[in-house]
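Chemist: For chain P, the structure is supplied; the task is to place chain W on it using the hints.
Protein chains: 2
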Amino acid sequence: MIRLYDYLESGNAYKVRLLLHLLEIPFERVELDILKRETRTPEFLAKNPNGRIPAVELEDGRVLFESNAILSYFAEDTPYAGADRWQRALILQWMFFEQYSHEPNIATLRFWHFAKLLADKSPQEIAAKRTWGEAALAVMEQHLARAPWFVGERFTIADIALFAYTHVAGEGGFELARYPAVQRWIARVEAQPCFVPITHDFGVPASPVP
Amino acid sequence: MIRLYDYLESGNAYKVRLLLHLLEIPFERVELDILKRETRTPEFLAKNPNGRIPAVELEDGRVLFESNAILSYFAEDTPYAGADRWQRALILQWMFFEQYSHEPNIATLRFWHFAKLLADKSPQEIAAKRTWGEAALAVMEQHLARAPWFVGERFTIADIALFAYTHVAGEGGFELARYPAVQRWIARVEAQPCFVPITHDFGVPASPVP
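If you're matching them up, the sequences are chains P and W in order.
In this text, residue positions in the first sequence follow this note's numbering: the first is 1, and each later residue adds one.
In this text, residue positions in the second sequence follow this note's numbering: the first is 1, and each later residue adds one.
For reference, chain P alone in the conformation it holds in the complex (with noise of 0.2 Å):
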């Protein structure tokens, strides 16, 4: 069975939980805390030099990391996937713009929430990443106000990738009522068949536990 290396409280992760589940392709989750450097560990080390979850084994042993890679490799040839040559640009360029410009400005001040380090940050460093942050749901709120999705006309893992950060970012305190483009688009993605929230949402794991 395939394996995610997970942490339940990450978007990232998320989004491979998610589109696993859309996909119906059973996996089993071990859970490594990054608070407690799990993610560091000489094992761990041995499988993604980066030291960074979310990592995917496959059966035969082969590791796969970096969350949009991850959904890359299993969307291929599902409908998750772009359909022609620029649809899966279009689609490596929304990923490309998250893991850059969207997910280190609002991962990161929901981050620095969540495990009490706001404190330890400079007044300049927060404000940084809440202009910056701002400026990419802009940017998002922009497409979204023309179309429904952000490649073609269906819902794909561009959308999953900015799904899994963009509708937890008042935990990082954005406030999203200011982007109702956004809002509407959220809802059609809790819309879609077999959805399943993040997991920290929830309560109880969203999948099967070794």
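Just so you know, not all the hints are guaranteed correct.
All copies of an identical chain are treated as equivalent in the list; a pair is satisfied when it fits inside any one copy or across any two copies.
Straight line, CA to CA, 25 Å or less: simulated SDA-like cross-link-like pairs of lysine to any residue [unchecked claim]:
| hint | residue 1 | residue 2 |
| --- | --- | --- |
| 1 | 36 | 139 |
| 2 | 116 | 170 |
| 3 | 116 | 27 |
| 4 | 116 | 104 |
| 5 | 47 | 118 |
| 6 | 121 | 104 |
| 7 | 36 | 113 |
| 8 | 121 | 101 |
| 9 | 121 | 63 |
| 10 | 36 | 101 |
| 11 | 47 | 141 |
| 12 | 36 | 47 |
| 13 | 121 | 35 |
| 14 | 47 | 101 |
| 15 | 121 | 135 |
| 16 | 47 | 1 |
| 17 | 121 | 51 |
| 18 | 116 | 175 |
| 19 | 36 | 51 |
| 20 | 47 | 131 |
Hints in this document: simulated from the structure, not taken from any laboratory.
Remember, it's a predicted structure, so these values are computed and weren't measured experimentally.
Modeler: Frame of chain P; chain W shown alone:
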């Protein structure tokens, strides 16, 4: 003709210039000075709402942004792409590693040197970029001590993506002499047929100017 919105000092833009040269795809360049905020004009924001170079405009007016998405688009079905589903996933893994763990540290320190912004930054900020940049180089060193290329037995867009800022990491104060396998890999990349150096070492435009 394809139009590249470009900035000659940018490693992200250089990735695209290098691949287009390797593929012998003609293109014209529109140089935008990021220091003068030429990527934040209403005209350019209408092309890339995220306000960054590189962006590519096709002959029919469609625009693609994010350097690694552009690499993936042009490399599809060429020897610079992965040969199968697993290789495609590994290429994306390393390209997302580049944008998340490598570029924000190594490219940013180089930019702070280049744009004379170091004095505005706190010692903690500079030290954090240095620490995480060294960590990314160490991950690369570990991989390249065992394999000639990032994915499979040949030079792919994963190598192009990682080469762009690695080979000029010294300009941000990193000592590449500490990473001998990385240095040997840099020499292998530079030995590729049709290789062109990053243009700021060049003195003249690497490509036709419109």
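Chemist: In ascending order, which of the hints set out earlier in this document are inconsistent with the structure?
Modeler: 3, 5 and 9
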